[in-house]
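2 protein chains.
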Amino acid sequence: MIPRLQIIEIAREVYSRYGFSPIDTPALEYSEILLGKGGEESDKQLFRFVDQGERDVAMRFDLTVPFARFAAQHIGILGTPFKRYHIAPVWRGERPARGRFREFIQCDFDTIGTESLAADIETLLVVHDLLEKLEVGEFTIRINHRQVLNGLLEQLGLLQHSSAVLRALDKLPKIGEAAVTEEMNATAGISAEQATRVIAFANIEGTRSEVLAQAQEMVSGSESGRVACEALTEIISTCDRIGIAESRLQIDLSIARGLDYYTGLIFETFLADLPDMGSISSGGRYDNLAGLYTKQKLSGVGGSLGLDRLLAALQELGRCKEVQTTSQVLIARFVEDRLADYQRLSRQLHAQGIASEVYPEGKNLGKQLKYADRKKIPLAVIAGEDEFQQGTWQIKNLQRGEQLVVAEAEVVGVIQSELNKLSTSTT
Amino acid sequence: MIPRLQIIEIAREVYSRYGFSPIDTPALEYSEILLGKGGEESDKQLFRFVDQGERDVAMRFDLTVPFARFAAQHIGILGTPFKRYHIAPVWRGERPARGRFREFIQCDFDTIGTESLAADIETLLVVHDLLEKLEVGEFTIRINHRQVLNGLLEQLGLLQHSSAVLRALDKLPKIGEAAVTEEMNATAGISAEQATRVIAFANIEGTRSEVLAQAQEMVSGSESGRVACEALTEIISTCDRIGIAESRLQIDLSIARGLDYYTGLIFETFLADLPDMGSISSGGRYDNLAGLYTKQKLSGVGGSLGLDRLLAALQELGRCKEVQTTSQVLIARFVEDRLADYQRLSRQLHAQGIASEVYPEGKNLGKQLKYADRKKIPLAVIAGEDEFQQGTWQIKNLQRGEQLVVAEAEVVGVIQSELNKLSTSTT
Chain A
63 MIPRLQIIEI AREVYSRYGF SPIDTPALEY SEILLGKGGE ESDKQLFRFV DQGERDVAMR
123 FDLTVPFARF AAQHIGILGT PFKRYHIAPV WRGERPARGR FREFIQCDFD TIGTESLAAD
183 IETLLVVHDL LEKLEVGEFT IRINHRQVLN GLLEQLGLLQ HSSAVLRALD KLPKIGEAAV
243 TEEMNATAGI SAEQATRVIA FANIEGTRSE VLAQAQEMVS GSESGRVACE ALTEIISTCD
303 RIGIAESRLQ IDLSIARGLD YYTGLIFETF LADLPDMGSI SSGGRYDNLA GLYTKQKLSG
363 VGGSLGLDRL LAALQELGRC KEVQTTSQVL IARFVEDRLA DYQRLSRQLH AQGIASEVYP
423 EGKNLGKQLK YADRKKIPLA VIAGEDEFQQ GTWQIKNLQR GEQLVVAEAE VVGVIQSELN
483 KLSTSTT
Chain B
63 MIPRLQIIEI AREVYSRYGF SPIDTPALEY SEILLGKGGE ESDKQLFRFV DQGERDVAMR
123 FDLTVPFARF AAQHIGILGT PFKRYHIAPV WRGERPARGR FREFIQCDFD TIGTESLAAD
183 IETLLVVHDL LEKLEVGEFT IRINHRQVLN GLLEQLGLLQ HSSAVLRALD KLPKIGEAAV
243 TEEMNATAGI SAEQATRVIA FANIEGTRSE VLAQAQEMVS GSESGRVACE ALTEIISTCD
303 RIGIAESRLQ IDLSIARGLD YYTGLIFETF LADLPDMGSI SSGGRYDNLA GLYTKQKLSG
363 VGGSLGLDRL LAALQELGRC KEVQTTSQVL IARFVEDRLA DYQRLSRQLH AQGIASEVYP
423 EGKNLGKQLK YADRKKIPLA VIAGEDEFQQ GTWQIKNLQR GEQLVVAEAE VVGVIQSELN
483 KLSTSTT
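These protein sequence lines are chains A and B, in that order.
Numbering of the first sequence is given in the working numbering, commencing with residue 63 and proceeding in unit increments.
Numbering of the second sequence is given in the working numbering, commencing with residue 63 and proceeding in unit increments.
Each hint should be verified, as a subset may be incorrect.
As the list makes no split between identical chains, a pair holds if one copy fits it or if it spans any two.
BS3-like, lysine-lysine: derived pairs with alpha carbons at most 30 Å apart [stated by the list, open to error]: (1) K195 to K438; (2) K483 to K458; (3) K99 to K359; (4) K357 to K99; (5) K99 to K233; (6) K438 to K357; (7) K195 to K106; (8) K483 to K195; (9) K458 to K357; (10) K357 to K432; (11) K432 to K359.
If you are wondering where the hints come from, they were derived from the structure by calculation, not from laboratory data.
Make the full structure from the sequences, and use the hints.
Okay, structure coming up:
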């Protein structure tokens, strides 16, 4: 939980810095709000029941559908553009697997009510800054555009099968070309030759301008495909001018995203040190998310951080310390009657922002130090009647086995500098 | 959500400082874990259903019962004493009312695995420091002890009706003496005379030592009552020596707490400016919380912050600013092509910890400033081609209607000092 909360804290900080406001919606929605929004699979996975008031309700399976409902209800008061983030658990009644749970936390941010490409660019900047702040090592945001893919499909005469084709294409890195070809054939009757052309397009490699140039050529017969290529060009050139490193923003024509509602920019993000981990932050632009709930057109763009995947990545990279407590100092209750003195010192440390605790039971120093050891608390402070007579405290560095005796007036300062030394030596 | 998150942030900070570790448990538990733990009322309010795997599950109605289940399962690895906090939503299928919702957030902290009074004292210190940090004005933690109340009931020959009597007594401030007397009679057959004696005991007033002395005298025939009076005396005297103001820690023999599981210290906390608001932080000691799930005796002590009530209190006290965003600076997109320059400035501000955003659409300055106004963003930064030629930025203070033109090299510093001025002038 401690590293999890640290990640959430960083996400909140980055989202807030860009002016996204936190919102929360209830865990339960009317079932009719959720049904049919995520496809058949998602409907089957709903935790759904009839409540005490005979209402047919279900637990949300993502944060996007409740946001669409919320936006449709409140956009008149909120005004546009509206930028929100939402970090909260969602539930899916599926079989748990490694890194996949029935309850998991989503960290979404979205800008709705503007079609400006500036919002798409800002979305990529948020993901960029978030990953930079999370210190996950090098990363690449891979972008594509739904209308570039649709432009190709239009020229191949496959536009009416777009959603089946793109859903299959989305699985390319996981299941490989043969299986994707097969799925395209099975779900949309696409011939092997056509599938090969789609996959060849997705596999175009080269520098950003080379990929863009080839894509432009191949979709040149499609008006919306041409416009989409221009949008990608503008996103890239603006991010260049902002100062985003080329290695961190690439064009990848194989990015398709599984969800139907994307209509413009789509992106996924990969770690250089763990390329097989899959995307840890994805998103894109959608044209009319709240169309089911309101007549006002609410297009938007947003992204999501995969918290559990990121945690797994940090663990694999050894960048996730196993900590059981935030305590930095254990004050032993060496003389039972001196509890007030021990608590007074502890509260002096708190006032300096140092987490510390007094051991509750007043016997057996060995047991008290073992507690500190188990919780990996680095410093212990001990004072018996002798020390109280002399006005001193003993500070024990439990990592190095060293011991200091300091005067009462200096104890907070010395603890602070001992802790500073420790944090420097571990980085 | 913004003030709500600020309160949660402060609670996390205070809990962590005292060495409480964050934990999380799933929203759904097996129904058998939850049923019968909160009484009949609570069973009826459970959101309960059968899931895809034919499991009978329900949404948690509090954080204590899941914690007991968690502790029973994991205490062998965690070791004792174990200090945890948990801030998360809970659900109850009841009729919503002012300040009462079907979903609400609980902020609990507990120390289990020690019977030491030091943990009771620490619990009170946590509540004290939390309220101090929340800046809610003056407050009083009112403490009592279940065994003091039981000592009285023992002497009145009413010990076997303890839970019915205390449940009725708990309602004294809400429903008054006559109704409490009536309820005691209805639920436990207590005579009006006996009820009067219980209520008279609860109403004892005076200084802390006067109240304690009277209580001591009245329960003197009960061994556990005498021990409990000594515990209260020690809590008070230790807190005195720690430096807790007398006005903030009082003895109140009418504090009974509705829940059956308390066995020792019990407390509630009231705001001096809003005495009728009810308790905003309550808790106490329980002897064997996890007794239903493990043979190991896990006594503990803990408290809970009433987040929704506290928010309502802050609103009523006018200490809760209505904010729609954390943004402090809106950078107008005055020249459409200059998006990269605007974003570069915005990111320079972010690097200094200043939340800022670029308006996504590139026209109509009036509309852009209206956006800032609606979101109460205090500063706008504007630059047209003239400014870019001269290397300057215009800073507009939207609250005072003032305008500054500053050189590019100084813009971040000037924005910082303008924001500092604003935050000083509003405090």
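Verification of the supplied hints:
{"no.": "1", "hint": "K195 to K438", "result": "both (26 Å within a copy, 28 Å between copies)"}
{"no.": "2", "hint": "K483 to K458", "result": "within (14 Å within a copy, 45 Å between copies)"}
{"no.": "3", "hint": "K99 to K359", "result": "within (17 Å within a copy, 48 Å between copies)"}
{"no.": "4", "hint": "K357 to K99", "result": "within (17 Å within a copy, 47 Å between copies)"}
{"no.": "5", "hint": "K99 to K233", "result": "within (21 Å within a copy, 47 Å between copies)"}
{"no.": "6", "hint": "K438 to K357", "result": "between (57 Å within a copy, 28 Å between copies)"}
{"no.": "7", "hint": "K195 to K106", "result": "neither (38 Å within a copy, 47 Å between copies)"}
{"no.": "8", "hint": "K483 to K195", "result": "both (24 Å within a copy, 29 Å between copies)"}
{"no.": "9", "hint": "K458 to K357", "result": "neither (67 Å within a copy, 36 Å between copies)"}
{"no.": "10", "hint": "K357 to K432", "result": "between (64 Å within a copy, 24 Å between copies)"}
{"no.": "11", "hint": "K432 to K359", "result": "between (62 Å within a copy, 21 Å between copies)"}
Of the numbered hints stated above, those contradicted by the structure are hints 7 and 9, listed in ascending order.
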